[in-house]
Amino acid sequence: MKKLLAILLAGAMVLSLAACGNQNGTTGEAETKGEAESNTSAAEKTYKEVITLGYDQPATTLDCQVLVNSIQDTLYMLYLNTLVNFNFETKQIEPCLATEWSHNDDSTVWTFKLRNDVTFSNGEPFTADDVVFTVERMAATGVSGAADAKNVEKVVANGDYEVAITLIQANMDLPYRLAMPFWGMLNREALEKDPDNGYKVGTGGWTPVKFEPGTMVEFDKVESSWVWKDVQTPTKKIIEKTMTEESARSIAVQTDEIQFSYSFNFGDINIYDADPNVDYSIISADLIYYLGMSYESEAIGDDVNLRNAIAYAIDPTELMDVGFSGKGEPCKTFWGPNQYGIYTDYEQQLGKNLDLAKEYLAKSNHPDGLTLSLTTVSAFEQMAEVVQAQLAEIGIEIKLNITDAPGLAQTVADKKLDLLLYSKTCGVYGDQFRDILVYGNTANRMKYNNEKVAELLDKALGETDDATRLALYKEVQEITHEEMPCVPLFYGTASGLFRKGLSGVIFQSNTRHNFTYAVCEESK
Amino acid sequence: MNKEYVLEIEDLTVEYVVEGEVTQAVTDLNLKVEAGTTVGLVGETGAGKTTTALAALRLVPDPPGTIRSGRILVCGQDIMKLSQKQLYNVRGQDISMIFQDPMTSLNPVETVGDQITESIMLHEKLKRPQAWEKALEMLELVGIPRTRAMEYPHQFSGGMRQRVVIAIALACNPKMLIADEPTTALDVTIQAQVLDMMKKLRDQFNMGMILITHDLGIVAEICDEVAVMYAGRIVEMGTLDEVFNHTRHPYTEGLFNSLPNIKNREAKLQPIPGLMPDPTDLPVGCAFAPRCRYATEACKAAQPAAHHFSDTHFAACTAYEDPSFRIERSKDRE
Amino acid sequence: MHKYILKRILMLIPVIFGVSLLVFCIMNVASGDVTAVMGAEELDAQQLYELKESLGLNDPLLVRYVKYMWNLITKGDLGTGYISKEPVMSLFLNRFPNTLKLALGSTLVCVILSIPLGIYSAVHHGSIADNVAMVGALLGLSIPNFWLGLVLIVIFALRLGWLPSEGAVGFKSIILPAITIGTGFMASMTRVTRSSMLDVIRSDYLRTARAKGAPERQVIYKHALKNALIPIITSIGETFATALGGAVVTEAVFSWPGVGRLIIDSIRSRDTMVVVGCIIMKTIVISVILLIVDILYAFVDPRIKSHYARARKAKIDE
Amino acid sequence: MSKNKKEVQDINRKATGEKAKGRSQGAEVWYRMRKNKGAMVGLVVVVLLILLAVFSDVIFDYSKQIAGINTKARLLPPSWEHPFGTDGKGRDLFVRVLYGTKYSLTIGVVATLISTLIAVPIGALAGYYGGFFENVVMRIMDMLSAVPFILMGIVVVSALGANMMNLIIALGIVGIPKICRMTRAAVLTVKNQEYIESARIIGLKERDIIIKHVLPNCLSPIIVSITLQVATVIISASSLSFLGLGVPAPSPEWGALLSAGRDELRQHANLTLFPGLAIMITVLALNLMGDGLRDAMDPKLRK
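Residue numbers (the numbering used here), protein chains in the order written: chain A, 17 to 540; chain B, 16 to 349; chain C, 198 to 515; chain D, 7 to 309.
In short, the hints are calculated from the structure, not lab data.
The beta-carbon is built from N, C-alpha and C at its ideal position, and this holds for glycine as well.
Treat the hints loosely; a few may be bogus.
Label pairs and their calculated CB-CB ranges [said to hold, decoys possible]: (1) Ile124/D with Asp256/C: 46 to 52 Å; (2) Asp129/B with Glu13/D: 52 to 58 Å; (3) Asn141/D with Gln99/B: 47 to 53 Å.
Some chain B residues judged to face chain C by a derived CB distance under 7 Å, without partners named [to be verified]: (4) Tyr103; (5) Leu141; (6) Leu156.
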């Protein structure tokens with residue numbers, strides 16, 4: 017068990033969580049401050065009624081079906097529940113609104129049995145009809161789960177507490193997908209009555225009472241929610257604030273103006289080590305940083321030798337040093353770190369190997385080097401400079417094209433993309449890399465088009481036998497390791513700086529932390 | 016009998032230091048003014064008249080001007096020794112000044128009434144309403160209807176503005192008034208009105224006055240005594256009659272000669288030849304020597320001493336070393 | 198006077214048309230569109246096209262502009278944000294008071310620091326003090342806002358704990374951001390004050406005031422300053438208008454929910470409706486403020502007021 | 007100097023007697039400038055900066071010192087070996103700040119020049135002629151200043167691509183409204199002076215009146231705002247590079263250095279302090295020189 021967990025469990029509040037994971041659970045090896053917490057008795061402790069969270073990205077909507085990113089998902093988890101949940105600790109799907117679920121033999125029809133004791137924040141009971149409404153609304157206007165919803169042939173409620181979903185194409189990953197926060201269950205009556213605010217009605221432990229887009233969101237506790245059946249917390253209100261300046265946000269934790277800051281500058285760790293009132297947690301995240309090489313770039317095209325030459329000229333540790341003060345895990349394969357079916361023991365391991373790189377370059381169409389453009393977003397500019405310097409060592413001159421997300425989309429649309437330094441969240445289910453490896457999806461900015469890979473992924477999706485499914489995914493990774501559409505660089509980290517007294521937060525490697533059960537002691 | 020002097024200036028020397036060059040504006044100037052009498056200070060522009068006036072109120076702008084030496088007694092107090100605070104009380108109350116160009120002497124963004132009231136409030140312990148009332152009286156005294164007190168300077172003509180300036184100066188009925196060419200900027204008809212008013216006010220308040228001008232006509236009309244200045248020094252001083260009818264100094268004679276003689280139309284004008292000397296390096300001897308008809312070598316050698324012709328009349332001219340010396344003008348007037 | 202005000206307000210209309218068209222075109226030229234920010238990673242080309250269709254992004258520029266202006270003129274409706282679906286008017290209005298408070302605060306800080314400094318260096322024209330004052334004022338301009346902001350936070354919020362380091366709650370939260378922005382404007386306001394005072398410092402009516410026995414402080418701060426006010430008021434008006442534009446960097450450092458950040462976030466996410474709506478509202482507010490500043494001239498300088506009075510009287514005589 | 011100017015000078019010399027220090031207009035201004043200590047300091051620093059900018063490629067080895075990466079020597083504090091310390095990628099900040107002069111000075115001066123060359127004539131004409139033309143110009147300026155400069159940056163870069171020239175164009179356009187409004191205000195105050203009236207009476211063409219009489223007299227506010235504008239431009243470049251629109255890496259433009267050093271501010275303030283100082287010194291020098299020039303040319307200030 018993690019050292020931190022042992023210490024915190026010895027703390028006064030013993031929180032046994034029936035449903036959704038446990039307190040301050042962290043996944044992967046966690047790096048924390050680790051000093052033993054002074055063991056004051058429960059009576060003396062007073063708890064904050066309001067907990068304030070500081071995030072760097074603005075929350076711009078509360079309609080879970082419109083937008084997906086780490087801040088939006090974090091908020092959805094407060095006021096919405098999904099049918100099932102994924103426990104990042106045990107790597108298993110756990111019941112949430114649905115108590116049981118099963119699928120027919122070719123995994124095209126999934127049936128879910130629902131809890132019968134759940135009510136929405138507007139008092140309406142949670143029934144199968146709400147599940148039908150949510151899936152239909154996502155299919156009609158949704159963006160976040162549009163890909164899943166399009167694959168749904170029909171969704172039928174059998175009675176109040178059972179629902180059957182029929183898929184067009186079989187998909188073993190459906191439960192993992194439905195565990196995503198943006199698949200929170202919405203209430204039909206609320207949305208039909210008030211389409212503009214109905215999506216704020218959820219079954220979660222909290223409900224948004226004040227929303228200033230891009231600035232702050234305020235949640236009040238919903239005492240009636242089923243979430244509080246077995247566990248009570250003294251917190252009455254949770255506030256999320258947008259604080260884009262990282263150093264100011266970290267200072268706000270030290271002055272107790274906010275109790276949690278999402279991500280902080282690892283370069284300043286020594287300051288936070290010295291501050292007795294704050295604690296931090298850095299966990300490896302399901303976030304892969306890669307160097308994509310576009311097939312629409314005349315210079316690169318499908319020149320495998322050039323691609324491998326570039327791959328072996330990059331030293332990811334230097335990128336991690338510059339970007340994240342050395343924090344992170346170099347990649348061994350183009351796959352998620354906790355993703356089902358990861359395969360890493362190739363005989364030619366990744367990592368900087370100048371001789372090999374020069375060998376490949378000699379065999380490529382541009383033996384004496386060439387000039388390429390490297391596109392990235394401004395947040396990664398410093399790392400892009402490192403790539404620029406590293407590729408210069410093998411005679412590849414890099415012109416940097418720093419832009420923002422829409423600018424990147426435009427560069428891809430204008431077919432002006434050569435190299436792309438970007439990141440991708442990668443979940444735990446097998447099919448996660450479909451959007452980047454299969455031609456036609458937005459995430460596949462490299463326009464990688466390999467029927468074999470697409471075929472393998474489709475087969476794996478419906479494959480019920482575990483061993484065969486793993487073999488299929490192994491073959492996919494071997495192909496990408498060979499053809500190198502993207503150079504996998506390193507896995508990022510999810511970090512948080514918080515008050516010493518904060519507990520009950522479930523840190524999750526997909527960077528969406530669950531604050532439902534957050535509790536914070538009043539600092540002395 | 017000891018006359019009651021309102022203003023006594025003793026060997027005043029004022030210099031301007033500009034980019035290394037030193038301009039001797041005024042050198043060893045002595046001047047006394049009794050209450051109720053008016054001294055005319057006459058001379059060409061650049062003779063140091065205004066500097067003398069400013070020195071009397073210690074208003075010479077510090078950089079670049081400095082009062083090198085001299086005692087200046089205003090109603091018996093030597094203002095050179097006064098602290099800044101005491102100086103504020105003296106100015107406007109014991110001694111005040113009127114300036115040449117009415118167009119720029121008034122604060123354009125304040126009403127006329129306010130500007131007079133401010134002067135009163137500075138010196139008399141009156142609350143605003145009473146001070147305002149007194150200001151209206153002053154306005155009427157200088158011939159401006161009290162209804163116009165709320166108007167701004169740009170709504171008045173040149174003459175009216177000069178009346179306002181005078182009203183401001185006399186608001187606290189000072190004992191000494193210095194008028195620096197008060198009517199030069201006005202046209203003739205207005206000039207006469209303003210001068211009459213000044214004479215009436217002078218007698219009414221029994222004020223001592225210095226009238227700075229280059230117009231001998233005005234001097235004749237209003238002044239009791241006359242002092243003629245040339246290149247920073249007083250070259251001749253005496254009563255009106257003595258200077259006008261018993262002129263001694265060649266420069267004074269030159270001034271009178273350059274006036275058109277109404278009686279004798281054909282008389283040729285005799286302007287003084289040459290130009291004012293460069294104040295940054297005045298000659299050792301008499302500054303007027305280069306332009307003086309009677310100039311001798313002695314004149315150029317040393318500063319001319321003052322020769323007294325009566326207890327009130329003197330002229331600083333070396334030629335009078337020889338007692339029989341007479342200038343042209345005084346010959347036929349003897 | 199009323200005719201002048203009416204004319205100025207009427208002139209706002211072409212400006213609003215111009216600004217909205219300009220910003221619409223600019224947002225159209227700017228690369229990419231809002232869908233790139235909606236996390237639509239998993240959509241394929243067809244779904245992406247439908248999404249753009251639903252937001253009306255596929256219509257040609259002119260159609261979108263006409264539709265937008267039609268809504269604006271007939272219903273006064275600024276439309277809703279693509280992402281937040283919130284009406285732009287409410288987005289702007291609930292952030293605008295914060296920007297107004299901060300703009301007032303920073304302009305006040307700037308005035309309190311720059312005007313005495315400007316007067317001081319005008320009175321001591323050419324001396325070392327004059328140069329030092331100018332360098333001091335320049336310091337404010339050269340130090341980037343985020344640098345000064347963070348230094349102030351570390352000292353006053355973290356070390357001393359006197360002031361909050363973030364948010365816009367309560368009066369104390371305005372102090373640090375106002376100082377950060379205010380010092381940035383000091384350089385130009387000090388220069389304007391200094392040069393307008395220099396023009397006035399040698400005028401004759403100051404000599405008259407001194408001859409009255411007025412103390413030097415009163416001569417400078419009452420007589421001289423009042424005559425030098427016009428350019429200074431212009432500078433204050435311009436500073437306030439610029440501050441209203443929102444100091445984006447400072448708002449980010451102090452997490453100040455101002456309009457500046459809203460506009461920048463919307464620009465970065467290409468949410469054209471919010472960008473155009475906010476800029477139109479901002480332009481209206483700034484134009485009104487600059488109008489008020491012009492009207493203020495009349496109260497400060499009677500010559501201007503009488504200019505209007507005379508114009509009105511002349512009209513009556515006709 | 008043209009021949010007839012020389013003759014005019016000789017006449018002057020004779021008229022005022024050999025003693026007078028007759029000098030041509032240019033020499034007169036230079037003579038007065040030399041007296042003003044501040045202006046001289048400013049001039050020396052500006053000349054130094056220009057030399058540094060021109061010869062930076064000779065002095066520094068671009069690839070090794072400017073672009074080379076050495077992550078082992080990351081974020082070292084200022085020391086003898088690295089007077090300004092090292093940046094996030096282990097490169098010596100002192101060398102990069104000096105080298106950055108080339109970019110920042112060019113951006114600051116050229117962008118301000120563009121704004122001035124466009125804004126001053128328009129502003130002068132608007133102020134001088136007034137009426138409908140002035141209204142149209144002023145409204146266009148209101149429109150231009152309504153567009154946030156960051157949006158202008160994004161558009162120019164996405165339309166023309168991200169390089170230094172486009173950045174300069176963007177910053178140049180953004181600077182126009184402020185200078186134009188200020189020129190108009192200055193011209194308005196000068197326009198109804200008597201000497202303009204008399205210039206018109208002696209039959210000068212309007213264009214000559216503006217160039218020879220109006221503009222020289224509102225030189226003072228123009229010079230002041232131009233030198234300040236250079237600082238604003240350089241600092242705006244830093245906000246643009248924070249958005250990735252500035253001068254593309256690895257060129258060490260001061261604005262880019264500021265934004266790169268922003269995250270490490272708490273423990274490595276030197277990363278932003280020294281570029282900030284460099285900006286201040288440049289602007290201070292320009293200001294002092296500008297003031298010196300203005301005082302020398304302004305007849306009113308001649309004692």
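* Hint by hint, which ones does this structure get wrong, listed from lowest number up? -> Hint check: 1, 5, 6 fail, others pass.
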